[in-house]
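Protein chains in written order, with the UniProt record's numbering: chain A, 1 to 120; chain B, 1 to 151; chain C, 1 to 340; chain D, 1 to 188.
Calculated from the structure, these hints are not laboratory results. The reader is advised that the hints may include incorrect statements.
[Claimed, not checked] Mimicking SDA-like on lysine to any residue, the simulated pairs with C-alpha atoms at most 25 Å apart in a straight line are:
(1) D:Lys134 / B:Thr51
(2) D:Lys172 / D:Leu183
(3) B:Lys16 / C:Lys293
(4) B:Lys16 / C:Gly194
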Amino acid sequence: MISSFILAFIVGGLICVIGQLLFDVANLTPGHTLSILVVAGAVLDGLGLYEPLIDFAGAGATVPITSFGNSLTHGALREAEEHGIIGVITGMFEVTSSGISAAILFGFIASLIFRSKGRP
Amino acid sequence: MDQKTYSQLEQKMSPKVPLAGNLIRAFLTGGLICAIGQGIMYFYMYFFDFTEKTAGNPTVATLIFIVMLLTGFGKYKKIAQFGGAGSAVPVTGFGNAMISSAIEHRTEGYVLGVGGNMFKLAGSVIVFGVFAAFVVALIKTILVKFGVVGW
Amino acid sequence: MVARGVLSFSGRPSIRSAAVAAGPLEKKKSRFAHLFDQFYDSELCGEETNEKAHSRMIEDACGLVLEKAEAMPADADFLLCGDLVNQMTPSNFAAANLHLPYIGLFSACATSVSSLIAAALLTEAGASRLTLAGSSSQHNAIERQFRYPIEYGFQKGPTAQWTVTAAGFAAVTPNEPGYPEIRHATVGRSVDYGLTDPLNMGAAMAPAAFDTLNRHLSGTGNTPDDYDAIITGDLGSVGSSLFRNMAKDEGIEVKRSKWRDAGEEFYGDDPSFFAGASGAGCSAAVYFSDVFKRLMDGEYRRVLLIATGALLSPLSFQQGDTIPCTAHSVELVMGEGGES
Amino acid sequence: MIAYLIRPSDILDKSERAGHGQQAQVRLRNRASPGEQQGLEPGPHSWTKNGGGVLKKMLGAAGIVLILSGCGQGKAEIRVTGEPDADDEQRAERVLDGEERISSAVAVFVKEDLLVGVDVKPLSRFKKAKIEEKLKKKMEEEFPERTVTLSGDQKIYWETEKLEKLRDDKKKLHDQVETIKSLSKEET
């Protein structure tokens with residue numbers, strides 16, 4: 001139990017360290033950095049490495065944005081396994097990501113109830 | 001002073017980003033967010049019928065709900081100033097990007113403002129995520145077809 | 001005209017009055033807060049949008065300036081001002097409400113000085129008895145346009161600057177003894193040293209400031225010793241030290257106490273504002289409060305104001321362009337007995 | 001409640017250790033006399049109902065057991081429940097004992113089903129899918145007449161643990177097994 005928290009902390013923290021390196025060393029904007037990480041997640045899943053990482057680190061691997069690329073690829077691959085090449089395309093559209101739906105929903109709700117404050 | 005000399009001077013004089021500190025802060029912030037995510041995951045697994053795999057979805061949704069409150073009350077940008085990538089890389093950063101855009105463009109109306117601008121920052125993540133997933137899945141499917149790799 | 005772009009005003013137009021309206025954070029954190037004339041309780045100034053608040057601040061500052069000059073809005077002949085929002089809508093809307101002949105000026109954060117120059121020219125030409133000149137910026141409106149939504153979490157580095165919420169205006173009239181006079185001015189060139197980091201504006205603007213300083217000194221024949229202070233607009237701590245180094249390198253020696261930078265001083269040494277303040281309202285707020293008062297009090301007799309502006313847009317930055325910058329300077333001399 | 005969440009490999013506080021140690025003790029007893037099993041109270045969680053007195057008595061014993069077993073080291077802790085046939089228990093233990101990367105496992109025999117929840121050691125979880133696959137294959141070879149459902153998922157493990165309490169309530173046990181089976185299907 002506690003070891004799961006520690007592993008989530010370490011793995012999640014390390015993925016963020018990679019992000020910080022992209023910020024500070026490679027001088028990328030947040031948009032570039034997050035896009036790169038999402039693509040990295042998709043590629044890792046293609047190599048079959050991301051699911052084991054989730055088994056290993058739990059939320060440490062599902063909470064960083066890399067898991068978004070993973071879940072998209074995973075959906076496409078699952079369909080492809082069943083229906084071949086066509087499955088890749090249909091799989092893309094079948095994938096649901098709770099991250100996107102939740103962000104859209106809560107984003108809209110937020111726009112109803114909040115105003116931007118804009119002070120440090 | 002020509003451009004070259006100036007850019008050397010600029011390199012020399014501009015304060016450097018505190019890299020070591022930033023990395024440590026990103027590690028701590030990102031790690032903490034993930035550990036909180038782990039706690040939420042255990043909550044869903046323990047009290048509801050979610051397995052390790054399926055608990056991911058409600059966990060992410062819960063985290064984004066928390067981010068909505070933090071963003072709305074103006075706290076998330078303070079966390080971000082401290083944590084840097086530690087707050088941007090977790091799905092909370094993605095949520096913050098969408099929610100802050102939605103709040104910000106509220107003044108332009110719900111359709112053109114909120115609807116049209118919500119994906120202004122987060123859109124690239126979705127675009128590249130979907131495209132990368134497509135390419136990766138395609139390549140893998142072809143490789144499997146030719147028997148190079150297995151599923 | 002001695003040198004290209006360096007103007008001398010033989011009619012010596014005066015700055016009859018000056019006023020500054022500023023936001024709530026400036027009230028709390030600015031070193032110059034005690035010199036400002038009006039504050040707002042919220043960033044929105046009681047309006048619905050940041051842009052409307054921006055406009056409101058301009059109107060209020062113009063009203064205050066006229067009040068101090070003991071004039072009515074109808075007494076003013078021109079309104080010359082600018083801001084940083086797309087197409088300068090805040091200034092445009094304020095001008096619509098003020099019903100004055102109006103020219104919107106865009107020199108980014110250097111608009112405080114470029115508007116003074118234009119006002120001095122109109123006055124010198126005999127076309128104006130009173131012209132309102134100034135510039136303004138509102139933090140939220142500028143941030144969302146140039147950077148990210150206000151609530152977006154983004155880590156700013158040590159070279160970043162904080163856009164102030166303030167509007168500073170001055171009333172320019174034909175020469176009136178006892179008020180600061182506009183003697184010389186230099187219209188800045190657009191200088192591009194190939195810098196591209198929009199979060200290090202000070203460094204991008206410093207070469208422009210130096211170019212203008214150099215041209216002003218050679219054009220007028222003055223030396224730095226002739227000035228009580230040389231005050232740049234919003235170079236911030238990073239840009240200022242680069243600017244000073246550059247000047248030193250080129251043989252312009254100035255005592256450290258004479259170099260001032262509005263952006264560097266605006267929020268004191270508070271590290272939460274990183275390299276200092278910026279925005280079109282920053283230089284205007286300091287020039288039209290602190291500097292104007294010191295001139296009126298006789299503390300300064302002759303000052304050189306060099307306001308700098310980074311002429312970029314979010315589009316140009318995203319298309320990978322460099323940041324061209326400009327700097328305009330104006331030389332103010334306190335009334336009676338100036339000989340040059 | 002806490003007892004469900006505990007694995008020997010974890011860093012435990014004192015009160016949690018009591019729970020773990022007690023589980024370990026039950027296991028030892030079970031092994032010593034498998035024939036008497038039916039008569040035994042299904043141990044692991046009964047102390048919570050009996051109140052603090054029992055808990056205190058257990059603490060001492062638990063502590064000793066804990067030291068002897070060297071928390072988290074050594075062989076996997078294997079429990080068998082449900083309606084096992086005569087030698088099912090030993091056969092299941094034999095298969096599961098061979099896997100060093102799991103810290104504990106619960107095997108549930110119900111009708112033609114064999115439900116196994118395994119708890120993979122934290123640092124071996126990267127290979128969890130492979131371990132699951134391997135164990136499942138072994139189990140299927142050992143019990144070809146049964147439908148084997150094996151999972152290293154924590155949720156499944158917790159749920160199989162809970163089944164130990166249900167060995168007297170056949171109907172509920174059967175229902176619960178079906179639920180867990182569908183949970184584990186959802187996962188893939």
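Hint-by-hint comparison with the structure:
no.	hint	verdict
1	D:Lys134 / B:Thr51	holds (21 Å)
2	D:Lys172 / D:Leu183	holds (16 Å)
3	B:Lys16 / C:Lys293	violated (37 Å)
4	B:Lys16 / C:Gly194	holds (19 Å)
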